[in-house]
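Based on the provided sequences and hints, a complete structural model is requested.
So the protein lines, in turn, are chains B and W.
Using the working numbering, the letters of the first sequence map in sequence onto residues 1 to 197.
Using the working numbering, the letters of the second sequence map in sequence onto residues 198 to 379.
Honestly, the hints are just simulated from the structure, not real lab data.
Quick reminder that beta carbons are idealized off the backbone N, C-alpha and C, glycines included.
Incorrect hints may have been included.
[As the list claims (entries may be wrong)] Now the in silico label distances, taken between C-beta atoms and shown as ranges:
hint, chain 1, residue 1, chain 2, residue 2, range
1, W, Val361, B, Lys66, 35 to 45 Å
2, B, Asp165, W, Gly301, 33 to 43 Å
3, W, Gln260, B, Glu62, 16 to 26 Å
[As the list claims (entries may be wrong)] Taking lysine-lysine pairs in the DSS-like style, the calculated list, with each CA pair at most 25 Å apart, reads:
hint, chain 1, residue 1, chain 2, residue 2
4, W, Lys317, W, Lys211
5, W, Lys274, B, Lys134
6, B, Lys118, B, Lys134
7, B, Lys118, W, Lys317
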Amino acid sequence: MSRLIVRLLGGVGLVVLAAGMVAAHVTPPVVLTSDREAVAGLLSGSRRFFVREVRLSSPEREAIQKQSGWTPSEDFYRFYLGRDDQGALVAATTFMTEYTIHGPVRVAVGLGPDGKVKGAQVVELTEETYPWVKPLIDQDFARDYVGQGSTGRYTLTDRVRAAGDSMTQFYGQVIVSLIQRAAILYDTTVLKRPTSG
Amino acid sequence: MNGIFLGRLPLSGKVFCTLYLVGIGCGALAAFAQAATAVGLSPAEVQASLAPEMPMTHMGHGQMSGEREIDLGQISKSAKVWIRTPLLIQTSHTHLFGMTLIAGLLGSIFLFSSLGEVKKTIILAMPFVGTILDIGGMWLTRFVWPPLGALVITGGSLFALGYVLITARSLYEIWLQKELSA
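Encoded structure:
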């Protein structure tokens with residue numbers, strides 16, 4: 001009987017080990033700020049707020065894919081627009097997400113009426129990615145991309161590159177690409193469409 | 198089972214089972230706290246986290262754009278996780294493996310309970326059924342009918358109830374029940 005128990009406990013130990021290995025891959029999400037806080041911050045100066053939702057036509061999807069390599073897959077995309085009392089556009093904000101092997105990275109991007117980047121804020125990532133992204137947040141990485149439009153240069157600047165190790169640089173590129181996608185999306189669906197305003 | 202009962206395990210076996218059950222209990226409490234803070238524990242909160250995003254404008258199917266004025270108060274102020282399909286896939290595969298392994302190990306210990314077969318079978322099945330309801334409910338909420346978010350709560354509760362019953366009965370048999378006749 002004791003041999004049976006030893007075998008049983010050995011088997012149990014293996015199962016525990018396997019469970020531990022599986023559990024190690026579960027990385028809980030980390031939400032750094034609420035959507036409302038991000039929108040309020042990036043649309044600061046606005047008096048009235050609007051939501052504009054857009055669908056991409058097939059030619060628009062193809063053009064975006066050709067321009068950036070990104071294939072938009074959502075049914076629709078949402079912009080939050082801030083206007084002044086006269087209705088003139090002050091700024092726009094949208095949320096972009098990339099699903100990496102370590103979980104989602106979600107960024108709020110603020111854009112001016114001309115489609116130029118005004119700022120960006122990481123709003124959600126995972127416990128595993130947070131230590132890699134934190135140096136970028138601490139250095140206010142988005143500052144280096146302010147003023148760039150849809151055709152801007154979205155590569156890591158020396159300052160961002162020096163912020164951390166290779167994983168920090170990897171996630172820096174992920175976030176910078178999300179900023180670029182927001183600029184391209186705004187350009188395609190707001191600025192280039194006849195009903196834009 | 199075959200004359201081997203929890204109460205007859207050697208001391209090392211008793212300590213092992215006890216620590217495992219306590220450890221899983223601590224993990225379950227942490228998971229409960231994580232679910233409460235990241236998603237919420239009410240059916241409405243689960244539904245809000247899992248259901249597909251609906252347009253805030255009155256943009257109909259096939260329309261290319263829509264716009265309307267909003268108040269900032271209409272934008273979510275809570276820092277909650279919105280579980281989109283890729284995250285649902287990731288969550289499903291890790292939780293199905295992890296929770297089934299935990300349920301399997303709980304069941305492995307409980308197989309040696311001296312409880313009657315029918316009761317033992319029902320209690321032992323709870324964490325497995327709870328896991329399937331929990332993860333299955335997430336997919337049904339997203340792709341079939343958002344109110345099925347209640348299944349996620351039901352499944353999680355069933356898993357927890359199974360754990361509590363297994364742990365309570367096992368610890369009782371290990372440390373308190375008097376020796377059974379063989």
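Going down the list of hints, with the structure as the test:
| no. | hint | verdict |
| --- | --- | --- |
| 1 | W:Val361 to B:Lys66: 35 to 45 Å | violated, 57 Å |
| 2 | B:Asp165 to W:Gly301: 33 to 43 Å | holds, 38 Å |
| 3 | W:Gln260 to B:Glu62: 16 to 26 Å | holds, 20 Å |
| 4 | W:Lys317 to W:Lys211 | holds, 19 Å |
| 5 | W:Lys274 to B:Lys134 | holds, 23 Å |
| 6 | B:Lys118 to B:Lys134 | holds, 20 Å |
| 7 | B:Lys118 to W:Lys317 | violated, 62 Å |
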